[in-house]
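Asker: Take a look at the letters that make up each chain.
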Amino acid sequence: MNETLPTTSIETPIIAEATVKGRGLWGNAWRRLRKNYAALFSLILLGFIVLLTLLAPYLSPYEYDAVDYDNFSTAPSFENAHYFGTERNGRDLFVRTLYGGRVSLSVGIVATFVSLVIGVLWGAIAGFVGGRVDNIMMRFVDILYAMPFMFFIIMLTVAFGRDILLIYVAIGAITWLDMARIVRGQALSLRRKEFVEAAVAGGVSTFNIIRRHIIPNLLGPVAIYCTLTIPSVILVESFVSFLGLGVQEPETSWGLLISEGVQTMDTAWWSLVFPSVFLAATLFCFNFIGDGLRDALDPKDR
Amino acid sequence: MFYFAVRRLLWAVPTLILIITIAFFLMRLAPGGPFSKERPVAPEILANLNKVYHLDESLPEQYLRYLGNILQGDFGPSFKYKDFTVNELIGLGFPVSAIIGGVAILIALIVGMGLGIIAALRQNKTTDYAVMTVAMFGITIPVFVVAPFMTLFFGLFLHWLPLSWSKEDWTSLIMPIAALSLPQIAIIARLMRGSMIEVLRSNYVRTARAKGLPEKLAILRHSLKPALVPVLSYLGPAVAGIITGSIVIEQTFNIPGIGRHFVQGAINRDYPMVMGVTILYGALIVFCNLLVDIIYGFLDPKVRYD
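Top line first, the protein sequences correspond to chains A and B. Heads up: the first sequence begins at 1 in this note's numbering, then just goes up one per residue. Heads up: the second sequence begins at 1001 in this note's numbering, then just goes up one per residue.
Excised from the complex, chain B in its bound form (with noise of 0.2 Å):
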């Protein structure tokens, strides 16, 4: 067990390497650097902002200087807002993009699999139906879909929800939080209820009911848990499909989170913004996954650790 979550470990590090890699390479072959863009500055300057960034340097020793930097935990400073480090701006942005996304995979997770027990119980009744059509609706329709219209609906035309994101008032996270785990509600009820059904059809459950448990039990204690495992093996997806989800929403809304830092560093060719926010969800998702990994172990005795 042990030894298999040091081997899981190991082989993310290769991963997080290929993303800082790939994010560093990306940028700097990019035609055109983070200062050709706005009015031309005199050589001198030119030189002088190029020495401060490091960017006269040649690309293996820029590429050694920023892995070396990034292993100390620092993104450099944002082109952008010069005043700022990229570690200041994400800080700044991650309690509210953390937030958000924490309460809406929480959200996502207990409603879609309540929902999806409900229709595995019912299977084939209209409540069944009704569920599963909501569902492809909800994995169908994008986002960026979804958010727009809820505003429309429920901001311009009921004004019961504010529009945009404000610090006061926690009202206005229920719409983004809301769009941000629809999809994922849908998607977990699907394969909460798949595989519901599969375990009540299981032999061990017609044990279970034929010796007389209450069906309440026989549900509780025999099928949950191993019912759970598909759900779980998706959490990795779900928490990538979060983070993805949290960029639009933060663009719709005006949330000032990282998602929207991302967006806007991505506009003004802020490589160092750009290339933080990846590294930091790329090892965010990393982590997820390695983590479903070994929780999956306990729930499903099959998994062997060798």
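Bound conformation, chain A alone (with noise of 0.2 Å):
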């Protein structure tokens, strides 16, 4: 049959199916994702969460870093809008718990993408390249893995000081390796696909069959793993501040309060527990969400 078919027709098909194919796919997970309500509930709350931290100007009469000198480590209260009470500098909690969740989060997002963009280049090279380039490539990152990588971040923010940029692109520059893993893994068994070799034995361009048939199969697990980095990234570098080497006062994020929380919990419980919360609840947020994708975007249970 295939033969009657004039050359320029083959292309025509094959791109259609998959443009089809592609939007089924993203409209099935959203449904399956839609019944999972952990999931969903998670999104509504990151969200919600994430709406907070934008607003958090708007929502307290108090600035992040300005000290009310009639209250020093005062608990909770409405009527002088310390929601949250504040810590033992007399600064407003509820505003430093949003500021430093824009901390956290931004840090989550962009390190995320950096390492997004490294490992996905890495390890699509490597899978497509193959040979003796992906074994090279791959030893590199296995030896890479051994590696202590909390340690380096911490030597890194000692030797170039606390820079807030230079903590991202750390943490997104370690975090790359099992996203190369994954994109390379991903890649080989994807090159040797039917519909790949069709659409290069039907004279489709490198760069469409990556267009149309690499980059929409890679879509998935990409999707998953970032998801799944989000939080791990923002743990990362809460560690790092709560170990008081990471972002610096009068700036915060999520695990430099708590390490404040830590130091005044026993007459300031409000300290810790607010912040310990929220950053809890962003991480099992992202957490139940990056599962919920993974059973949505399973090819296994289709």
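Everything labelled a hint here was simulated from the structure, so no lab data went into it. Honestly, I wouldn't trust all of these hints.
[What the hints assert, rightly or not] To list a few chain B residues with every Cβ distance to chain A over 10 Å, as calculated:
id, residue
1, LEU1010
2, LEU1059
3, LEU1067
4, PHE1154
5, GLU1168
6, VAL1199
7, LYS1225
8, VAL1263
[To be verified] Sample of chain A residues at the chain B side, in silico, Cβ under 10 Å:
id, residue
9, PRO231
10, GLY244
11, LEU279
12, ASN287
By construction, the Cβ of each residue, glycine as well, lies at the ideal position given by its N, Cα and C atoms.
Grab the two chains, each in its own frame, and use the hints to assemble them into the complex.
Answerer: This is the structure in structure tokens:
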């Protein structure tokens, strides 16, 4: 049957099919995700947290670095608009928690983006070129995998000062390893798939093969992995800040707020509880969304 | 088998050298020397100090010297505690860290595997859901949140356990070890449950049951060993996780272990200390991964050593 078709029209049905299939996949995934109440609830809660951090300046009369000289370490109260109380330096904890959330969330997103770019490029090149190049590139990943990364990040912040941009990039630069492995595995199997071979045989250009066949098929695992990278990045940043080696005063992040809360927890429980709850809730949300996405996109279940 | 072990061992060498190299150059490229932060010292004294610590040599010379010293097991003097070498500080801290970390990993393995097996045997029942919910919490909530909340509850509120470390009181170790092992318990329980469920569904377990083997034997003799494989391969990352966690735990509970030396060293720009700890822990993680790889073969006959 193929022989009777003119060569020019072979390309069109393949592309058309791919487009329809792609839409179907995401539509399907969304339908499944909506049924997953844990993931859906997480999505809503996360949206709410993000909204809070974005609207932080409009929600409270206090600045994040302003000292309220009437209130040092006072308990949460609605009367003076210190909804989460104040910390020992008299700064409003509600605003600081939300500002800390801005830092933590943006670290998560920026560093994940960095790891996405490096990981996808590295994995895709290794997977598609294959052979010797693949071997060398993945050996390199193996060696890096054995590194004590938390220690290197701390060293980096010690060596080059506590620049927040540096923390963004450093965390991103170490979390790309898993991404590279996933993308490489995916690329290796995709390269041998019939529809790719068919497209090659049909004379589709490399660019179009990548655009039409490779990227849509990579998108699922990459999306899942991204949602799981964000919380782990937030965790790393909080960890470093908790040790007092990350974000610096008067800037703040959830990790730093928690470490300050620890120091005053015997007299001011609120300074530990509120940042911890925000951090834990955010991590939960991302993990549930990641799990939900995985279930929704898992081709085995479809 | 032997050749496999040797080959893996040889792969560990470039990894270790890379760790040392990265550590060295990161610290040396950093702006500001170890003596530039304190009160300005007279230039002659500074020159002398630099000479004593070999900071006046060129970078490659320093690197080779450092590499040579480390091969002899010498991490050099501490810049902060001038009367101590890094070796002495590590020697003081390591037993404490090792005991806490070792016990934490043992507990994580025993409790995690136990919970995982129980959950797998009662799949989709209340016990299973309860264990998995707790595990989800354990995985998501970081050590530096769990540990303070434990102190807040058991220490400040209930007064059951001491708040910080003391040499004489072994109960002061309960909270640090519990906080350290909790996330690992959660991860191991999840891994164990998953692999156990898979094994219980496999053909040979069905055969074992079909030939009339008591359920207990079918589990003990046929399911446990293959189900252990994924847990075992997690042991390397688990050690890394415990080590990282111990930094926070030692800071929170005032334990004079290596982790606290590391953080103090990082804050004080004590380069040799920071590098020494990084290299030591890097080597430990590499060694654990190596060990796991080799033991792997004993448990999983499908692994080939070629």
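Asker: Does each hint hold? Answer for all of them.
Answerer: Do the hints match the structure? See the list:
Chain A leaves LEU1010 of chain B outside its interface by the beta-carbon criterion, the shortest separation being 12 Å against a cut-off of 10 Å. For LEU1059 of chain B, the shortest C-beta to C-beta distance to chain A comes to about 14 Å, beyond the 10 Å cut-off, and the non-interface label holds. Every CB of chain A is more than 10 Å from the CB of LEU1067 of chain B (nearest about 17 Å), matching its label as outside the interface. Here PHE1154 of chain B stays apart from chain A, with its beta-carbon at least about 13 Å from theirs, past the 10 Å limit.
Against the 10 Å criterion, GLU1168 of chain B stays outside the reach of chain A, whose nearest CB is about 23 Å from its own CB. Non-interface status of VAL1199 of chain B relative to chain A is upheld: no Cβ of that chain comes within 10 Å, the nearest being about 19 Å off. The non-interface label for LYS1225 of chain B is consistent with chain A: the shortest C-beta to C-beta separation is roughly 27 Å, beyond 10 Å. Distance check for VAL1263 of chain B against chain A: the nearest CB is about 5 Å away, which does not clear 10 Å, and the non-interface claim fails.
The restraint placing PRO231 of chain A at the interface with chain B holds, with a minimum CB-CB distance near 8 Å, inside the 10 Å limit. Taking 10 Å as the C-beta cut-off, the interface hint given for GLY244 of chain A holds, the closest approach to chain B being about 7 Å. Given the 10 Å rule on beta carbons, the hint for LEU279 of chain A holds: about 7 Å separates it from the nearest Cβ of chain B. Hint status for ASN287 of chain A: holds, given a least beta-carbon distance of 5 Å to chain B, under 10 Å.
Of the hints listed earlier, the one the structure fails to meet is number 8.
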